[in-house]
Amino acid sequence: MDKYLVTGGAGFIGSSVIRNLLNHGDCEVLNIDDLTYAGNLENLSSVESNENYHFTKVNITDFDKTEKIIQDYQPDFIMHLAAESHVDRSIDDPSTFIQTNIIGTFNLLEATRKYISLISKNKAKNFRFHHISTDEVFGSLGDEGLFDEDTKYDPSSPYSSSKASSDHLVRAWHRTYDIPVVITNCSNNYGPFQFPEKLIPLMIINALSHKSLPIYGDGSQIRDWLYVDDHADALIKSIREGNIGETYNIGGNCEKTNKELVNLICEILTNILANDRHAYNFKDLIEFVD
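Residue numbers (our numbering): 868 to 1157.
Keep in mind that the hints were calculated from the coordinates and are not lab data. A couple of the hints might just be wrong.
[Claimed, not checked] Simulated crosslink set (DSS-like; lysine-lysine; CA at most 27 Å straight-line):
(1) Lys992 to Lys981
(2) Lys988 to Lys932
(3) Lys1150 to Lys1065
[Stated by the list, open to error] Have a look at the derived ranges for each label pair, beta carbon to beta carbon:
(4) Asn890 to Glu1064: 41 to 49 Å
(5) Arg980 to Glu1016: 39 to 47 Å
(6) Met868 to Asp1097: 20 to 28 Å
Fair warning: this is a prediction, and the values are worked out from it, not measured in the lab. Glycine included, each C-beta is placed from N, C-alpha and C at the ideal position.
Make the full structure from the sequences, and use the hints.
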């Protein structure tokens, strides 16, 4: 039975990965998460009683605890999803993003390097370290179309810069120390259990509360949207079948401007509540902000 160690498994994407692993495969999963504002064990209530699921509260910036967990658990795969992941928060508090996304990734890589040196050659041969990243590292999506694996890095916020840095660390540890890694960069996720500060849940919650729907600038920013469980499927396929040292971009092939997306949410909510006494033209709540 394969053993997976998932960092940040109580978060939005991490919990989807764990649910997917346990519901569709014969494997054991250890979730390590510090349960910060975006981590919620209720996301895993459907699998918490599964005998193959385990949880340990730890912050990956604590090297000693991280190293001990890896050596004690002896994973076959590490899926690294633990990260600070909100642009606005990174502008207000960049230091947390540097610590978690860069120092935390460094700690995991160093703990993994030591772990690989201690296990059998056969186990080391089949081991994989999967770093899950974001397309934010490529900057803004313009008229030229989709990002691909050859798109140049152009991070523009403390968040995207910290994730770009962690990507480069993972590549460096692969090339320098021969750590068997796979990297994936995903587009914007949406779906169940997403933290409400993110665009889609925020717009839904605000609309149903008749609060303003703030859109940055003129709303012309383009995002590609990816359903979280589809992303989880792709992540598991990547770590099981991906080539060592490769980077894979994962998207939903669903590009929309922010303005288009918010208008679509308003139309859907209006249709759902068309026969309700609380029916409302939600588009009237849209507000363009700096």
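Hint check results:
| no. | hint | verdict |
| --- | --- | --- |
| 1 | Lys992 to Lys981 | holds (15 Å) |
| 2 | Lys988 to Lys932 | holds (25 Å) |
| 3 | Lys1150 to Lys1065 | holds (19 Å) |
| 4 | Asn890 to Glu1064: 41 to 49 Å | violated (27 Å) |
| 5 | Arg980 to Glu1016: 39 to 47 Å | violated (25 Å) |
| 6 | Met868 to Asp1097: 20 to 28 Å | holds (26 Å) |
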